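Protein chains in written order, with the working numbering: chain X, 636 to 703; chain R, 636 to 703; chain U, 636 to 703; chain B, 636 to 703; chain L, 636 to 703; chain P, 636 to 703.
Just so you know, the hints here were simulated from the structure itself, not pulled from any lab data.
You may find that some hints are simply not true.
If chains are identical, the list can't say which one is meant, so a pair holds when it fits in one copy or spans any two.
[Claimed, not checked] Straight line, CA to CA, 16 Å or less: simulated EDC-like cross-link-like pairs of lysine to aspartate or glutamate:
id, residue 1, residue 2
1, 645, 663
2, 637, 680
3, 637, 676
4, 637, 679
5, 687, 663
6, 645, 676
7, 647, 688
8, 645, 688
9, 653, 676
10, 645, 679
11, 637, 663
12, 647, 663
13, 653, 679
14, 653, 688
15, 653, 680
16, 647, 676
17, 653, 663
Remember, it's a predicted structure, so these values are computed and weren't measured experimentally.
6 protein chains.
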Amino acid sequence: MKISARNILKGKVVSIVKGATTAHVRLDVNGAIITASITNEAVDELGLSVGKEAAAVIKASDVMVAVA
Amino acid sequence: MKISARNILKGKVVSIVKGATTAHVRLDVNGAIITASITNEAVDELGLSVGKEAAAVIKASDVMVAVA
Amino acid sequence: MKISARNILKGKVVSIVKGATTAHVRLDVNGAIITASITNEAVDELGLSVGKEAAAVIKASDVMVAVA
Amino acid sequence: MKISARNILKGKVVSIVKGATTAHVRLDVNGAIITASITNEAVDELGLSVGKEAAAVIKASDVMVAVA
Amino acid sequence: MKISARNILKGKVVSIVKGATTAHVRLDVNGAIITASITNEAVDELGLSVGKEAAAVIKASDVMVAVA
Amino acid sequence: MKISARNILKGKVVSIVKGATTAHVRLDVNGAIITASITNEAVDELGLSVGKEAAAVIKASDVMVAVA
Numbered sequence: 636m637k638i639s640a641r642n643i644l645k646g647k648v649v650s651i652v653k654g655a656t657t658a659h660v661r662l663d664v665n666g667a668i669i670t671a672s673i674t675n676e677a678v679d680e681l682g683l684s685v686g687k688e689a690a691a692v693i694k695a696s697d698v699m700v701a702v703a
Numbered sequence: 636m637k638i639s640a641r642n643i644l645k646g647k648v649v650s651i652v653k654g655a656t657t658a659h660v661r662l663d664v665n666g667a668i669i670t671a672s673i674t675n676e677a678v679d680e681l682g683l684s685v686g687k688e689a690a691a692v693i694k695a696s697d698v699m700v701a702v703a
Numbered sequence: 636m637k638i639s640a641r642n643i644l645k646g647k648v649v650s651i652v653k654g655a656t657t658a659h660v661r662l663d664v665n666g667a668i669i670t671a672s673i674t675n676e677a678v679d680e681l682g683l684s685v686g687k688e689a690a691a692v693i694k695a696s697d698v699m700v701a702v703a
Numbered sequence: 636m637k638i639s640a641r642n643i644l645k646g647k648v649v650s651i652v653k654g655a656t657t658a659h660v661r662l663d664v665n666g667a668i669i670t671a672s673i674t675n676e677a678v679d680e681l682g683l684s685v686g687k688e689a690a691a692v693i694k695a696s697d698v699m700v701a702v703a
Numbered sequence: 636m637k638i639s640a641r642n643i644l645k646g647k648v649v650s651i652v653k654g655a656t657t658a659h660v661r662l663d664v665n666g667a668i669i670t671a672s673i674t675n676e677a678v679d680e681l682g683l684s685v686g687k688e689a690a691a692v693i694k695a696s697d698v699m700v701a702v703a
Numbered sequence: 636m637k638i639s640a641r642n643i644l645k646g647k648v649v650s651i652v653k654g655a656t657t658a659h660v661r662l663d664v665n666g667a668i669i670t671a672s673i674t675n676e677a678v679d680e681l682g683l684s685v686g687k688e689a690a691a692v693i694k695a696s697d698v699m700v701a702v703a
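This is chain X alone, in the form it adopts within the complex (with noise of 0.2 Å):
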């Protein structure tokens, strides 16, 4: 599958803490930690699992620009 998503950045799992429907998945990218926000059910159908590459996938609407 290749995605319109401008954003695919190929990183590390370093974390996952699982809520009651959502979870929170860290990824090392770069030595840039990167947050989100997704479904259980995404955790479990991807098989993430601390250690394991994978990728953040952002579209570029939902990307801020900031300076300091």
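Following the hints, put chains R, U, B, L and P in place on chain X, whose structure we already have.
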């Protein structure tokens, strides 16, 4: 200002393409290129230009995870 | 690639309108028309054209529910 | 109320799972299952229940496109 | 139509700027100006014009919080 | 920090409900109540509490418009 968004990825602007109302801004973050689709107004208001330090800011609920 | 997004709706491209930076792509999914607003670049990179099979991909946290 | 969101997909509620604050609601839209992640409050306020007619509402800028 | 989005902020249209595909609509809500980036099509379909009563509709998961 | 998000609405926190991973924070902005769904972590990191001044931050592409 301190914001609830979990992802604040520091980098540099590498390109800016303005459309009629919407601009595409690319940041180099640790070697990864991140594309943001923001308003032309925001580009002007933040004084964005190629080479300038800037951060990509992304809410955790807007990040998906993918595996190969 | 397998993605955490809960909604992957298979259909066919029925129209593509490119703007200055942003394109509107319409898919027919089981008779329902779904409109996606994506970058012109993504249209080119995916080689989208009318009649081509494609899927609408939507994160569950971006779906609202309405009743009459 | 008439809304700017381009995608209003009519269907029926097939399941509701409430978490601590966030619920997952599944709709059957022309045979496709669409998952929405909404607040528990919204589930109560809309009086959602399995079998009830409801629509999935999605802003065009939240729809991505993928090809095989 | 009753929608799950938690934020429905009533106001008046104060400006509309159409781009090639995407329009920026500004609403005055209790003295605060809210900018919406929507499709040109939606502007036409809703019959939006300066001075018209309209509401900004925002899903709770799209709202961030900031402190000074 | 200065951010590209077009909507920064200043107000006060009126309620905070924490779930397992996701919290709902309500702000009073000029008499309008705005609900944000953010991570529990962000609530802690920003030191949010009832009565505290805070702003709702919303990207323009996440705002829809509705008419009666």
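Query - Broken hints, by number - result: When the structure is compared with the hints, numbers 6, 10, 11, 14, 16 and 17 turn out to be violated.
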